[in-house]
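These protein sequences, in sequence, are chains A and B. So that you can map any letter, position 4 of the first sequence is 309 in the working numbering, and since no number is skipped, the others follow by simple counting. So that you can map any letter, position 126 of the second sequence is 128 in the working numbering, and since no number is skipped, the others follow by simple counting.
Among these hints, one or two may not hold up.
[Said to hold, decoys possible] Derived SDA-like pairs (lysine to any residue); straight-line CA-CA distance at most 25 Å:
hint	chain 1	residue 1	chain 2	residue 2
1	A	371	B	29
2	A	356	B	38
3	A	356	B	178
4	A	371	B	38
5	A	371	B	37
6	A	371	B	32
7	A	356	B	32
8	A	355	B	117
9	A	356	B	37
10	A	355	B	32
11	B	117	A	460
12	A	371	B	83
13	A	355	B	130
14	B	117	A	309
15	A	309	B	178
No wet-lab data here; the hints were simulated from the structure.
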Amino acid sequence: MPNKPSILMPALYGGIIMAVISAVPGLNLLNCLCCAGIMLGGFMAVFFYKKDLTAQTPLESSDGLKLGALAGVFGAIIGSILSAALMAVTGNLGGQLVKSMLESSGALSQMPPEAVEQMEQGLQETSLSAFSVVISLIIDPLFGLLGGLIGYAVFKSKPGAVIPQPPVQPPTQA
Amino acid sequence: MLDGVLHGFFDLRGTTFVCSCLYSIMRYSRTTYLGILLGTVTWCSAIVLAPVLAAQGGMVALPAEFIYRLFHPICHQLQERSFTLLDQPFAACVRCSTIYFAFLAGALLYPVLRKIERPVMPSRVLLLAFALPMLIDAFPIGLYEVTHLTRMITGGLFGFGLPFFILPAAIEAVQQMFATPSTVSIQHQKGLTDA
Chain A
306 MPNKPSILMP ALYGGIIMAV ISAVPGLNLL NCLCCAGIML GGFMAVFFYK KDLTAQTPLE
366 SSDGLKLGAL AGVFGAIIGS ILSAALMAVT GNLGGQLVKS MLESSGALSQ MPPEAVEQME
426 QGLQETSLSA FSVVISLIID PLFGLLGGLI GYAVFKSKPG AVIPQPPVQP PTQA
Chain B
3 MLDGVLHGFF DLRGTTFVCS CLYSIMRYSR TTYLGILLGT VTWCSAIVLA PVLAAQGGMV
63 ALPAEFIYRL FHPICHQLQE RSFTLLDQPF AACVRCSTIY FAFLAGALLY PVLRKIERPV
123 MPSRVLLLAF ALPMLIDAFP IGLYEVTHLT RMITGGLFGF GLPFFILPAA IEAVQQMFAT
183 PSTVSIQHQK GLTDA
């Protein structure tokens, strides 16, 4: 069996996608759809890995699992750094964005006062807590793994697909 | 006679090896399935447990605070878009809660519709069919009014279909990583049932 390519770089690319989606205000709302952003990172890691594979090294489900989980670890680390940097520069822009969306839709006036107060407190937070980093390290690999498995389900070779054999070089006569 | 005994011995050894492989596969398949099921039950319990604990107040509400914060990065948790229990919102919104509970229902039904030891992957077109209604509902284009009911129907469809892709892939992955040389590979199929 030929050696398979390393999963490190595809997982890193997937992790970067995950981190950008999780950290950029507005874009991180995608995660409100059942962690779609995080799962997309795991999914894309499988996509990048699939590009490196040859016919002799088919994509396996364990590849999807490992890629998704590793992309999640990268995503959590890079995402936390990126979030902290963005928060330091722009403040809690994501929270402000959600608040303005709620205000424009009229939902904020219908919210109970304690919920609004809690939101205001959240908006004052301009640094990343250790707790949220730990949460990311749990959630991102978990949902990244699911994304990796979905990626495997999508990018897996169809059964019965003909594997092209490498051309055989005729022996040269001395 | 010696030939017969030797043939029988090797045949028996072969059978033992095959039995051992099959046992290993069955053991890992079921353990993987049960692990995922247990994880899903815990996850869904946390969603319901949060409002119950929060309603008690005092020290009991501290674990509820942890659960709400756990779900915060992955759900907007808007109160008007969440189920409530004892006047407290679930840890996840209507759509997310329905996805998780439908995933649990799909995972519970999985052994009825599929053989755990023989992972079979449905057609990838079905994955799109499960996901598309939810995507249309989540990013509405004004075709219809998005309500709790539409969120539940579309989220439920997606959540219910997901285990039929996740479980066979996860079972096969664990077999590949931990079991003795695997004799089982995922097969593709058009429908959801083995029949």
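Against the structure, the hints come out as follows:
no.: 1; hint: 371(A) / 29(B); verdict: holds (21 Å)
no.: 2; hint: 356(A) / 38(B); verdict: violated (29 Å)
no.: 3; hint: 356(A) / 178(B); verdict: holds (21 Å)
no.: 4; hint: 371(A) / 38(B); verdict: holds (16 Å)
no.: 5; hint: 371(A) / 37(B); verdict: holds (17 Å)
no.: 6; hint: 371(A) / 32(B); verdict: holds (20 Å)
no.: 7; hint: 356(A) / 32(B); verdict: violated (32 Å)
no.: 8; hint: 355(A) / 117(B); verdict: violated (28 Å)
no.: 9; hint: 356(A) / 37(B); verdict: violated (32 Å)
no.: 10; hint: 355(A) / 32(B); verdict: violated (29 Å)
no.: 11; hint: 117(B) / 460(A); verdict: holds (23 Å)
no.: 12; hint: 371(A) / 83(B); verdict: violated (35 Å)
no.: 13; hint: 355(A) / 130(B); verdict: holds (20 Å)
no.: 14; hint: 117(B) / 309(A); verdict: violated (30 Å)
no.: 15; hint: 309(A) / 178(B); verdict: holds (15 Å)
Violated hints, in rising order: 2, 7, 8, 9, 10, 12, 14; the structure is consistent with all others.
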